[in-house]
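J.: Given these sequences and hints, build the entire structure.
Chains as they are written, first to last, in our numbering: chain A, 1 to 74; chain B, 75 to 148; chain C, 149 to 222; chain D, 223 to 296; chain E, 297 to 370; chain F, 371 to 444; chain G, 445 to 904.
Just so you know, the hints here were simulated from the structure itself, not pulled from any lab data. Since the structure is predicted, the reported quantities are computational estimates derived from the model, not experimental observations. Ideal placement from N, C-alpha and C gives every residue a C-beta, glycine not left out.
Between beta-carbon pairs, the in silico distance windows are: (1) G/GLU791 - E/GLU322: 40 to 50 Å; (2) A/LYS40 - G/SER817: 47 to 57 Å; (3) C/GLY185 - G/SER817: 15 to 25 Å; (4) G/ASN523 - F/GLU421: 43 to 53 Å; (5) G/ASP777 - F/ASP403: 44 to 54 Å; (6) G/ASN772 - C/GLU199: 29 to 39 Å; (7) D/PRO229 - C/GLY185: 47 to 57 Å; (8) B/GLU121 - G/SER889: 48 to 58 Å; (9) G/MET850 - B/GLU121: 40 to 50 Å; (10) A/GLU20 - G/SER889: 17 to 27 Å.
Straight-line Cα separation of at most 27 Å, DSSO-like style, residue types lysine-lysine; simulated pairs: (11) G/LYS776 - D/LYS226; (12) E/LYS306 - G/LYS758; (13) C/LYS158 - C/LYS210; (14) G/LYS569 - G/LYS531; (15) G/LYS758 - F/LYS398; (16) G/LYS680 - G/LYS641; (17) G/LYS626 - F/LYS380; (18) A/LYS4 - G/LYS839; (19) G/LYS579 - G/LYS569; (20) G/LYS839 - B/LYS114.
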Amino acid sequence: MTAKLDPKLKYDEALEQLQEIVHLLERKEINIDDLAGKVKQAKLLVEFCREKLDSTEEEINKIINPNDGEEKPF
Amino acid sequence: MTAKLDPKLKYDEALEQLQEIVHLLERKEINIDDLAGKVKQAKLLVEFCREKLDSTEEEINKIINPNDGEEKPF
Amino acid sequence: MTAKLDPKLKYDEALEQLQEIVHLLERKEINIDDLAGKVKQAKLLVEFCREKLDSTEEEINKIINPNDGEEKPF
Amino acid sequence: MTAKLDPKLKYDEALEQLQEIVHLLERKEINIDDLAGKVKQAKLLVEFCREKLDSTEEEINKIINPNDGEEKPF
Amino acid sequence: MTAKLDPKLKYDEALEQLQEIVHLLERKEINIDDLAGKVKQAKLLVEFCREKLDSTEEEINKIINPNDGEEKPF
Amino acid sequence: MTAKLDPKLKYDEALEQLQEIVHLLERKEINIDDLAGKVKQAKLLVEFCREKLDSTEEEINKIINPNDGEEKPF
Amino acid sequence: MEEKKNIFTLSALNQSLERFIRDNFALKSYWVIAEITKAQEKNGHHYLELADSKDGKRVAEMSANMWFSTFNRVNNQLNGELPTIFKHGNKVLVNVRIEFHSIYGLKLNILDVDPTITYGELERKKKETIERLKKEGLYNLQQELKLPAIIKKVALIGSVNTSGYRDFLTELMENRIFTNFKVKEFSVSVQGDRATKQVVNAIHEAQEYNVDVIVIVRGGGSKMDLNVFNAYEIAKSIAESRIPVITGIGHETDDVVADLVANKYEITPTAVAKFLYVRAGVFRNELQSAFDSILKMAQQLIASNKDEFTHTSKYLVHYTQNIIRENNNLIKDCVHQLHIGVTELIESEKSKLDLSLSRVGNNAKNIIALKKSTELNARLDMVHMLSMNNIERNKIGLNNLAELLMLLNPEELLKKGYTISTINNIDVINYEGELDGAELKTLSSEYLITSKITEVKKHE
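T.: This is the structure:
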């Protein structure tokens, strides 16, 4: 159930899944059977999103400042 | 998405596209997934414009100072 | 855009066109895409005028000093 | 413009016309397009005046020293 | 202008006319176009007066030495 | 002008006329045109007087009819 | 008249008178003034008739004589003037002795003569004569005649054998200046009683000759000698002469009347001759010098006119050349200015062009620089910033979710020993169905327990 996330997963979808899980938890509409799996997935999703954000940030910084660290500002 | 720009693109069109991206960003109408791509595109557009400006400048310099480097100032 | 100038162009007209370009540029009412073209045209106009001046000068020198080298200035 | 001068032209008139051209030039009230023409006309006027002066001088010399070489000045 | 002088012209009149011409020339109140004519007239007047003086002198010399070569009668 | 002198001219008158000519010349009240004539006249007057002085005078005679109405010769 | 007649002979009477006169007057003399009415000389003796007149009437007469020896003595004392003093009409002051001769009667014997009265009388008469001449309009008549410029024919009146006469002719004919004279001589006596008449006649006669001038000469003489030329008659005929009269009467002091009325007078005959030839010489010189100066001035006039011509001609040439030269310079200036004007015009146009082109270039570069700095960089920064904002915003959202997840995560409760129980996947707390007999699932940290509800008690 809480297999690895599909690497093609989009950030928005991941976020949606995450929010779905959070809502389930809030509404306690969660199946005890699935609970651990859901939490696990939620954690995965959080990490996924975080990574996505981080990588995006990094990528953007790289795009904008391709030679960051070097002296040339641009 | 961020394919190479059409070399026939005009500076003003490129600038408009860039502006469009700015507006998208301002209106937050952009996905995180698309964000880096848009930024890349923006960067490309900027580079495109810059090159355009550089080449125009160079061209102008060539026009105005055809024998630059020689002693003759004009 | 920067086709060869009409050889029948008058000096004053050329000068006017040149001035027009100067004003356009001063008012920054110009596309980057057109900029080099305008500069080229300005350059052409200047060269046209200069040639016109040179040829006029030469003509005048011929008139004034028909036998250049002789002592008589006229 | 620079048609041959009227042979009936008087010296004084020619001189006046010449000076008019000189003044136009001094006040830079002359088109480059017209310049060569004006100069040509000035040249014609100068030649006209100079010939008139030379012929007058020669005529006067003949009158004054009909047998050049003799001592009598008149 | 420089027609032959009236043979009835008196010496004093001729002298007056001559001086008039000299004054015109002195005050530069003369056209180049008229200059040669005036000089010619002056020349005629000078010759006229000079002849008149010479003939008068000769006449007086004849009166003084009626038989030139002989001894002065008194 | 210089017609022969009146044989009845008196010495005194002759001398007077001569001195009149001297005064004319002294005051330069004489035309070049009249000069030779006047000199000629002077010459005649002088000769007239000289002849009178040097001529062998006729004997002193009785005047035949002293009151005859004729003029006394001297 | 009946008286007794006492009769004497004439001789007795005369003898008585003679005696009486001699007794009373022989030693006496008297100075007497009288007029000579008659004068005679015989054998050296002088016989005078003296008279006195009053208002034109004769009031006294007496004869007088002067003997030869007395006359000579007195005449010597008076420098020989005496004969001229003893002239008819003269007033004399004489020293006389009264004598009576029985035959010749009463007579005055002249012993001495005082000439002063006579001289004074001469002067008086001379003045009278002058006055008369003036009154009659004769005095200045001669001055109205003009002396001819050349005097060649001369009527000469004088006494042929006198030295004055000879001097005149010699001077006239033997000078070095002018001798071409002709002289008609009129010989007259210049003294004595006939002189006046002869001179007058000669003047009259000379009028009828073709002469230029009448010359009257008289050599030197005493006052009384020359008195003849004070005569009214001579003066009148001189004045009335139609021919100019020149006198040459030798005298030292006073002029005679003849001099005064003559056209001209000289003090000696020689001087008259000199006057005549000098006048001719002067005339000749005047002629010559007048003619010379005429010739000289005529030549000067011509020379100065010629000079003037030379000047005029020079000026003519000079001024003409000036005009031509000036005009040549003017043209040269025009050409020069033309050259300068053209060059300046072209240069200014060229620099205008250069300026325009550099303005084009600079403006173009400015535009480019502006675009680079503002348009492009600003936009790229904007993109960057907005992107980062987006990411940041997402990160915050994600963190919130993560925190919420953590809060909601029951695993922590389970670890602390709590359990979760659900019936039909509904939390027991919320479950509203029939509890009894329902299948209850309980989750602990370690286990998932499924159980059947067997009892339900209400919790208090």
